[in-house]
Amino acid sequence: MTSDPLQSEPLEIRIRHVRAVDAPSIAEIMNARHVNLGTQRFPYHPDTSIASRIADDPAKFKLVAEMGGRIAGYGELETWPDRPRLRHGAEIDMVATHPDFRGFGIGAALLGEMIDLADRWLQVSRLQLFVWDGNARAIALYERFGFVTEGRLRKFVFVDGQYRDAFIMARLLQDAR
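Under the working numbering, the residue at position 116 of the sequence shown is numbered 116, and the numbers go up by one with no gaps.
Don't take every hint at face value.
Said to hold, decoys possible - Cβ pair distances, simulated, as ranges:
1. R154 with G69: 37 to 45 Å
2. T48 with D160: 19 to 27 Å
3. A59 with A20: 13 to 21 Å
4. P84 with W121: 18 to 26 Å
5. E12 with D82: 33 to 41 Å
In short, the hints are calculated from the structure, not lab data. Think of the CB as a built atom: it goes at the ideal place given N, C-alpha and C, for glycine as much as any other residue.
Please work from the sequences and hints to get the whole structure.
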């Protein structure tokens with residue numbers, strides 16, 4: 001639980017599977033500048049592309065965080081069931097917060113739930129993600145959850161008019177316990 005300074009009672013973060021009706025709220029999140037700067041996606045996602053993105057996919061677990069009756073964040077955990085040599089792994093493909101809910105622990109709640117899903121239900125022993133150089137806030141969050149930097153990918157992504165390096169970070173189940 002966390003407190004909003006404008007609220008008299010603490011607000012609870014609730015994590016659940018995404019629903020088709022969430023598409024407009026997810027579009028708000030995906031179109032936020034801070035989200036676009038931290039992903040490989042272009043700005044201005046139409047609701048139709050968001051609807052197809054959140055459609056059911058047996059290899060991806062798509063979660064939303066709700067707070068105060070609103071969609072406050074979105075996360076994706078991608079597995080590789082059709083790749084026998086990689087089945088032990090998964091990737092955190094997205095951790096994104098609505099601009100109105102930054103700093104309330106939404107990203108940590110989503111990340112924690114995806115890690116729990118990977119560790120306790122999916123038999124994932126290697127969980128990885130990519131993060132851009134300069135995204136200190138995200139890197140600190142990932143490190144807090146046991147992710148370590150494994151390498152740097154130079155000039156990996158073109159963001160906001162320049163090429164940026166990326167880090168690949170991973171969390172191995174054996175190291176996390």
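Tested hints:
no.	hint	result
1	R154 with G69: 37 to 45 Å	44 Å, holds
2	T48 with D160: 19 to 27 Å	25 Å, holds
3	A59 with A20: 13 to 21 Å	18 Å, holds
4	P84 with W121: 18 to 26 Å	19 Å, holds
5	E12 with D82: 33 to 41 Å	37 Å, holds
Taken one by one, the earlier hints all hold for this structure without exception.
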